[in-house]
Amino acid sequence: MKTLKQLSLILLTAIVFTACSNDDDAVNPEPVNEEEVITTLTATLTPVGGGTTVTLKTQDLDGDGPNAPVITVSSPLTISTVYNASLVLENETESPAELINEEIETEDDEHQFFYQATNDIATFTYQDFDGNGNPLGLEFTLTTAATAGSGTITITLRHEPVKDASGVSDGDITNAGGETDIQAVFPVTLQ
Amino acid sequence: MKYYIMVLCCCVFSWSQGQDCNSTLSGEVLDFHDGTPIINAVIFIENLNTYTTTDVNGTFSINDLCNNQIVIEVSHLACETKSLDVNIDGDTFLKINLEHHIEELNEVNVKGASGAKLTKTSQETLLKSEAIERYSSLSLGDAIKQISGVSSINTGNTIVKPVINGLHSSRIIVMTNGVRLQDQEWGIEHAPNVDLNTAGSISVIKGANALAYGGDAIGGVIVLKPSKISLKDSLYGKTIISGQTNGRGYNLNTSLTKTYKKGWYIGAQASTKRFGDFETPDYILTNTGLESKGFSINGGFKTFEKGFNVYYSYLDNNIGILRASHIGNIEDLVNAINNQQPLVIDDFSYDINAPKQEVTHQVLKTEFYKRFKSFGQLDVQYDYQNNQRFEYDIRVGDDRDKPAVDLTLKTHTLKTSLKLDAKDNIIYKFGVNAGYQNNFANPSTGVRRLIPDYDRYDLGVFAISDLRINNNINLDFGMRYDFVQIDAKKFYITSRWNERGYNSDFSDIIIDEVGTQLLTNPVFNYHNLSASVGISYQLNEFSSFMFNYGLSNRAPNPSELFSDGLHHSAARIELGDLRLEQETSNRVSGTYNYSNKAITLNIEAFYNHINDYIFIEPTGTEQTIRGAFPVWSYNQTNAALFGLDISANYNFNDQWNLNNKSAFIKGRDVSQNQALIDMPSFKTVNSIGYSNKKWLDFNAELQSELVLRQNDYPNNNFEVFIPTTQEMVLVDVSTPPPTYHLLHLQGDVTLDLSKNTNLNIGLNMTNIFNTNYRENLNRLRYFADDLGRNIMLQLKLNY
Numbered sequence: 032m033k034t035l036k037q038l039s040l041i042l043l044t045a046i047v048f049t050a051c052s053n054d055d056d057a058v059n060p061e062p063v064n065e066e067e068v069i070t071t072l073t074a075t076l077t078p079v080g081g082g083t084t085v086t087l088k089t090q091d092l093d094g095d096g097p098n099a100p101v102i103t104v105s106s107p108l109t110i111s112t113v114y115n116a117s118l119v120l121e122n123e124t125e126s127p128a129e130l131i132n133e134e135i136e137t138e139d140d141e142h143q144f145f146y147q148a149t150n151d152i153a154t155f156t157y158q159d160f161d162g163n164g165n166p167l168g169l170e171f172t173l174t175t176a177a178t179a180g181s182g183t184i185t186i187t188l189r190h191e192p193v194k195d196a197s198g199v200s201d202g203d204i205t206n207a208g209g210e211t212d213i214q215a216v217f218p219v220t221l222q
Numbered sequence: 029m030k031y032y033i034m035v036l037c038c039c040v041f042s043w044s045q046g047q048d049c050n051s052t053l054s055g056e057v058l059d060f061h062d063g064t065p066i067i068n069a070v071i072f073i074e075n076l077n078t079y080t081t082t083d084v085n086g087t088f089s090i091n092d093l094c095n096n097q098i099v100i101e102v103s104h105l106a107c108e109t110k111s112l113d114v115n116i117d118g119d120t121f122l123k124i125n126l127e128h129h130i131e132e133l134n135e136v137n138v139k140g141a142s143g144a145k146l147t148k149t150s151q152e153t154l155l156k157s158e159a160i161e162r163y164s165s166l167s168l169g170d171a172i173k174q175i176s177g178v179s180s181i182n183t184g185n186t187i188v189k190p191v192i193n194g195l196h197s198s199r200i201i202v203m204t205n206g207v208r209l210q211d212q213e214w215g216i217e218h219a220p221n222v223d224l225n226t227a228g229s230i231s232v233i234k235g236a237n238a239l240a241y242g243g244d245a246i247g248g249v250i251v252l253k254p255s256k257i258s259l260k261d262s263l264y265g266k267t268i269i270s271g272q273t274n275g276r277g278y279n280l281n282t283s284l285t286k287t288y289k290k291g292w293y294i295g296a297q298a299s300t301k302r303f304g305d306f307e308t309p310d311y312i313l314t315n316t317g318l319e320s321k322g323f324s325i326n327g328g329f330k331t332f333e334k335g336f337n338v339y340y341s342y343l344d345n346n347i348g349i350l351r352a353s354h355i356g357n358i359e360d361l362v363n364a365i366n367n368q369q370p371l372v373i374d375d376f377s378y379d380i381n382a383p384k385q386e387v388t389h390q391v392l393k394t395e396f397y398k399r400f401k402s403f404g405q406l407d408v409q410y411d412y413q414n415n416q417r418f419e420y421d422i423r424v425g426d427d428r429d430k431p432a433v434d435l436t437l438k439t440h441t442l443k444t445s446l447k448l449d450a451k452d453n454i455i456y457k458f459g460v461n462a463g464y465q466n467n468f469a470n471p472s473t474g475v476r477r478l479i480p481d482y483d484r485y486d487l488g489v490f491a492i493s494d495l496r497i498n499n500n501i502n503l504d505f506g507m508r509y510d511f512v513q514i515d516a517k518k519f520y521i522t523s524r525w526n527e528r529g530y531n532s533d534f535s536d537i538i539i540d541e542v543g544t545q546l547l548t549n550p551v552f553n554y555h556n557l558s559a560s561v562g563i564s565y566q567l568n569e570f571s572s573f574m575f576n577y578g579l580s581n582r583a584p585n586p587s588e589l590f591s592d593g594l595h596h597s598a599a600r601i602e603l604g605d606l607r608l609e610q611e612t613s614n615r616v617s618g619t620y621n622y623s624n625k626a627i628t629l630n631i632e633a634f635y636n637h638i639n640d641y642i643f644i645e646p647t648g649t650e651q652t653i654r655g656a657f658p659v660w661s662y663n664q665t666n667a668a669l670f671g672l673d674i675s676a677n678y679n680f681n682d683q684w685n686l687n688n689k690s691a692f693i694k695g696r697d698v699s700q701n702q703a704l705i706d707m708p709s710f711k712t713v714n715s716i717g718y719s720n721k722k723w724l725d726f727n728a729e730l731q732s733e734l735v736l737r738q739n740d741y742p743n744n745n746f747e748v749f750i751p752t753t754q755e756m757v758l759v760d761v762s763t764p765p766p767t768y769h770l771l772h773l774q775g776d777v778t779l780d781l782s783k784n785t786n787l788n789i790g791l792n793m794t795n796i797f798n799t800n801y802r803e804n805l806n807r808l809r810y811f812a813d814d815l816g817r818n819i820m821l822q823l824k825l826n827y
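The listed protein sequences derive, respectively, from chains X and S. All letters in the first sequence, in the order written, are residues 32 to 222 by our numbering. All letters in the second sequence, in the order written, are residues 29 to 827 by our numbering.
Just so you know, the hints here were simulated from the structure itself, not pulled from any lab data. One thing to keep in mind: the hints can contain errors.
[To be verified] To spell it out: a stretch of chain X is covered by chain S in this simulated footprint if at least three of its residues, at any positions, have a beta carbon under 8 angstroms from a beta carbon of chain S; those stretches are: (1) 88–100; (2) 176–189; (3) 211–218.
For each residue, glycine too, the CB sits at the ideal point set by N, CA and C.
Working from the sequences, and respecting the hints, build out all of it.
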């Protein structure tokens, strides 16, 4: 009995120490490249009937890192013009860059873009819709005001918005709820 | 064959004929611990029905015994009775050791008398099984909140972290069946993963004076102990079933224990609970359900001199987190704060969807002890813990069902202690602990690691002494040294690395560069010293004083060092700091206790000065593609916490009693001369109780809980530009919610079903008036009200 006890104690200590010797010590952990990060949003505005194409771009290459997104607007917009607009969303932390549009299109009922302009410089109309007939907003038209001026255009992507809440299908974000996946503010001039 | 039997018979006959009945049995009876003689011990020879007692030297003798095997029983008023088989062969001398410490006996084997406190001079409160069973369906944090000075910091209503005198998380040690719980206690939304139903008693020790458990418990120690094992042949168990209206769920807990007189025992316990969405008075808290399953087995051998114990426990918790608390950016946060109701309210459901946590915790423990005569007791324990934590965020596409956090924490601990209790008035305890911990963050989540992979090594040694000067004065001293090493492998985004200024201070720890990320290998060593001195003085029959001083150091935890990134449910970016130093706490406390037949009064005061107190505070905003986020960074300051905890009870007569528990605490940031963040507000709980043994042992209690608004808080509000409305708005993350008052009612009766079986039926109603309220230390207070009325029926069967 006594030897048994001693044996079991020795065994126990052995287990402890072998258990302590680590198995994956020398191996470095592998890096994680965030899959869901959207680093870049590009809105391409093509004037109906010809003219200069305008791009609005926000790019945040360090994701949730400390660097603020870089916002570029290629040129001023023209007054009284209808632009056909489309959005491209990318994750540029991966190489080649991952196109996020597909994910949004697959889950179109859970996403909606909202557009807002200050100083009444532009109005927006949805051109694409989800399976339930509610707006999505990867495609839209932008109609500029008749007078020159300047202001901002804000593009917001909400995840799991309440699409049937009052005003939401008309593009009013007030009652949309959900979470913001993207919010970009572009300073534009109209001439 | 016949021949042999005849020979045998003859032999026996001749032997019994020839046996000599002039033998003398003499001996001495000594105290096991210190070897001093025990006077007036009774020596009883069962088969001869004769007895004698020991003299002043502890010696005895019995004459005219036949040479034979006899059974003697040795008993003494203050000792455990001992039975011995003695072979008399001529004059025989015996040395018998008796266990002479009644209070230790209680610890060893008296079931039901588990009232022994773990410390003599600390601010300690003990909850016994009845007080714990009432909270069977809730969490550890809820149960110990009945102690004055203990509150909780919550993430919703099922993630409850205990707060002792204003301190929480890794400033508190939770011990379960002798094992220090290692379950990523650093995170604010990580509740201790322990099933309350495994505990027979819970001790809460305020401050770091229980050095045997660890030196870094600046806040305190919570010790869960299993029910005592009795040394008799017995089979007993307990089943608790409860159902409740809020959450529309049930809780089931059952346990069975088999014990043997020789010391062997085995027990098993299992519990399961399930709740759906909880409710406020006005709406359903969508996705706040809980599903929990657990079991434990406990077996071993236990006598006064030696014993061992093997214990295994498994607990799996699946916890939903309020859907409306998952938000996108600062604008969503502002909307959530300004909206009086959560933005997502669905119909009641038992479904637990993302965001949710799934945590599995396993503990395996083996323990062995042996007592040595006139010396003391040696204890050796090894334990292994495995904590697997998944946190599911709301994700899109292929990642929808993937956890966003996948951490496996494995901990091995070996500890030995030696208790020298040979002298009646002084006890020494020495101990050595060694531990190894490995945290693995699974990269397959596709989300940058919140907590990096790391190895942690620790080694601790301590010495404690308990000194009884006389019947009225107890003194104790303790010293402890701990060495802690954290060896981590952490990826930093290069821009963050530079922004934090690590490129100038820590460039030597970079071991690899992968794209935009740097792999670093921070190795930190910490030397922690702790000490404790305490004195208790019994003034007279009714009142006593205690005074205590404790010094302790706590090394920063992995989240304080390494946090780096977006924390969704709080809509903030949280940043750790590699430069953090240890915290040093100096805590002095005094206790006055008065008790007579009618009145019990306990007043505890404390002052805790913490140098380099680590806390998280808002430090600005950062712009990301999702919009603006507030940044909260871990920081250090010098802090002072002081307060008063009062508990009082007055018995009018055998039936009626009044009870009060109040706690007042102030936390000051001494360096910045402002209030400390996240301090519990003043709380007073008053109750009137009625009990009547004649009415089926009826008990009832009406409780009033008053929590005043926290008026002393740092103003961390900030303004931010909201693009959609084109205006600057104030983000009010600081203003505490208003004062609230709740009424609770509980009652129970006990039916005796048979001699050994009884059924206790309890009815519990909380928040009787369905009052709307929000609690300052609930992380989800920005998003929703706290719980409305709940009616719970509990059946407790003891057998």
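* Asked: Which numbered hints does this structure break?
  -> none
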